[in-house]
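Each chain is listed here by its residues.
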Amino acid sequence: MVDALLGKKVGMTGVYTEAGELVPVTVIRLGPCVVIQVKTPKKDGYSALQLGFEDRKPKNVSKPLRGHYAKANAAPKRFLREVSWDGEDDLQPGAALTAEIFADQKRVDVTGVTKGRGFQGVVKRHGFAGGPKTHGQGNHHRTGGSIGQSAAPSRVFKGVKMPGRMGGARQTIRNLDVVRVDKERDAILVRGQVPGPNSGYVVVRRATAKASGS
Amino acid sequence: MAKLITDIENEQMKQEIPQFNVGDTVQVHVNISERERQRVHVFTGIVISRKGSGLRETFTVRRIVAGEGVERTFPIHSPAITAIKVTRSGSVRRAKLYYLRERVGKATHVKAKQSGKTKSAK
Chain B
1 MVDALLGKKV
11 GMTGVYTEAG
21 ELVPVTVIRL
31 GPCVVIQVKT
41 PKKDGYSALQ
51 LGFEDRKPKN
61 VSKPLRGHYA
71 KANAAPKRFL
81 REVSWDGEDD
91 LQPGAALTAE
101 IFADQKRVDV
111 TGVTKGRGFQ
121 GVVKRHGFAG
131 GPKTHGQGNH
141 HRTGGSIGQS
151 AAPSRVFKGV
161 KMPGRMGGAR
171 QTIRNLDVVR
181 VDKERDAILV
191 RGQVPGPNSG
201 YVVVRRATAK
211 ASGS
Chain Z
1001 MAKLITDIEN
1011 EQMKQEIPQF
1021 NVGDTVQVHV
1031 NISERERQRV
1041 HVFTGIVISR
1051 KGSGLRETFT
1061 VRRIVAGEGV
1071 ERTFPIHSPA
1081 ITAIKVTRSG
1091 SVRRAKLYYL
1101 RERVGKATHV
1111 KAKQSGKTKS
1121 AK
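Listed in order, the protein sequences are those of chains B and Z.
Going by the numbering used here, the first sequence opens with residue 1, and the numbers climb by one from there.
Going by the numbering used here, the second sequence opens with residue 1001, and the numbers climb by one from there.
Because the hints were derived from the structure by calculation, they are not lab data.
A couple of the hints might just be wrong.
Heads up, simulated DSBU-like pairs for lysine-lysine below, C-alpha to C-alpha not over 30 Å straight-line [stated by the list, open to error]:
#: 1; chain 1: B; residue 1: Lys183; chain 2: B; residue 2: Lys57
#: 2; chain 1: B; residue 1: Lys57; chain 2: Z; residue 2: Lys1003
#: 3; chain 1: Z; residue 1: Lys1113; chain 2: Z; residue 2: Lys1003
#: 4; chain 1: B; residue 1: Lys124; chain 2: B; residue 2: Lys183
#: 5; chain 1: Z; residue 1: Lys1014; chain 2: Z; residue 2: Lys1003
#: 6; chain 1: Z; residue 1: Lys1014; chain 2: B; residue 2: Lys183
#: 7; chain 1: B; residue 1: Lys63; chain 2: B; residue 2: Lys39
#: 8; chain 1: Z; residue 1: Lys1113; chain 2: Z; residue 2: Lys1085
#: 9; chain 1: Z; residue 1: Lys1106; chain 2: Z; residue 2: Lys1014
#: 10; chain 1: Z; residue 1: Lys1003; chain 2: B; residue 2: Lys106
#: 11; chain 1: B; residue 1: Lys115; chain 2: Z; residue 2: Lys1003
#: 12; chain 1: Z; residue 1: Lys1003; chain 2: B; residue 2: Lys183
#: 13; chain 1: Z; residue 1: Lys1003; chain 2: B; residue 2: Lys59
#: 14; chain 1: Z; residue 1: Lys1014; chain 2: Z; residue 2: Lys1051
#: 15; chain 1: Z; residue 1: Lys1113; chain 2: B; residue 2: Lys106
#: 16; chain 1: Z; residue 1: Lys1113; chain 2: Z; residue 2: Lys1096
#: 17; chain 1: B; residue 1: Lys59; chain 2: B; residue 2: Lys42
#: 18; chain 1: B; residue 1: Lys183; chain 2: B; residue 2: Lys115
Chain B extracted, bound-state conformation (with noise of 0.2 Å):
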């Protein structure tokens, strides 16, 4: 059983449950992916697939690479990955997979690189209330407070939250439910959102946790 597969942010958009309720839903182009390569247990020590997604034109990959592709007969791709495989089904390089193989599933784990924030400040990074905004305040709206004591142990601890820069980072929504898998445009709807703008990369997984609640 193949574990994930790769896709594309599409966007958000809304889908009508029968009882008339407006469920959020994201878009996600899946695949098809191709199999670049196949790691066995004999020659890698381990099972995994590496998968291509998306066309990129051959003059823009560096040579090793264009042979990379080549021996599995397959275009130059521009998002590659090695997703986990229990190295059950008969797969090859070149193979395409699509969204069908998670046709029965009902929750996902979607990984991608967060929005970019650029420099901000501990209230949006972190979540920090801020100073009061009245009763004599000086400029003390948005700060953070203090970052210590003093005397001892007369240094700033590491990992203290301080203001930097936020996003564009990998990050992992799990347990997202499947709304519809659509298998003639390549799609799936996931609800709620996932990290990322619309048409960047995204990995999409089996999920592994255990649903909490229903």
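Guided by the hints, dock chain Z onto chain B, whose structure is given.
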């Protein structure tokens, strides 16, 4: 890529939506499921606003129940809305009839549209 979203939205949109405007008196048939039972609830009142576009378009209906104003907002394309029937066309000069909220009794009356008059104007 954006076409994919438009397609998904268009698929869900109702093909035929009765023509109605703000100021009209309408009967909205809503499917309500109580446990296993399904029944149709009819909400009658004046349309005081239409908002949004496409799949997410909604309209608000206002009526007076036991002396108290009641407003409900319905998504036009929701599958729970089985029918919208226009019982009376009103003639209004606003896109949103929020002023009706401050009025009581006879002042809440919306003038009926003169039939034929609007056609000749065009």
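Hint-by-hint comparison with the structure:
1. B/Lys183 <-> B/Lys57: Since the Cα atoms of B/Lys183 and B/Lys57 sit roughly 27 Å apart, the hinted pair holds (cutoff 30 Å).
2. B/Lys57 <-> Z/Lys1003: Holds, at about 24 Å.
3. Z/Lys1113 <-> Z/Lys1003: Not satisfied, since the Cα-Cα distance of roughly 40 Å exceeds 30 Å.
4. B/Lys124 <-> B/Lys183: Roughly 39 Å separates the two Cα atoms, so the pair is violated.
5. Z/Lys1014 <-> Z/Lys1003: holds, 19 Å
6. Z/Lys1014 <-> B/Lys183: holds, 23 Å
7. B/Lys63 <-> B/Lys39: holds, 22 Å
8. Z/Lys1113 <-> Z/Lys1085: This hinted pair holds, its Cα atoms lying about 16 Å apart.
9. Z/Lys1106 <-> Z/Lys1014: violated, 36 Å
10. Z/Lys1003 <-> B/Lys106: holds, 26 Å
11. B/Lys115 <-> Z/Lys1003: The hint holds at about 23 Å.
12. Z/Lys1003 <-> B/Lys183: holds, 16 Å
13. Z/Lys1003 <-> B/Lys59: The given pair, whose Cα atoms are some 29 Å apart, holds under the 30 Å limit.
14. Z/Lys1014 <-> Z/Lys1051: holds, 17 Å
15. Z/Lys1113 <-> B/Lys106: violated, 52 Å
16. Z/Lys1113 <-> Z/Lys1096: Roughly 17 Å separates the two Cα atoms, so the pair holds.
17. B/Lys59 <-> B/Lys42: violated, 34 Å
18. B/Lys183 <-> B/Lys115: holds, 29 Å
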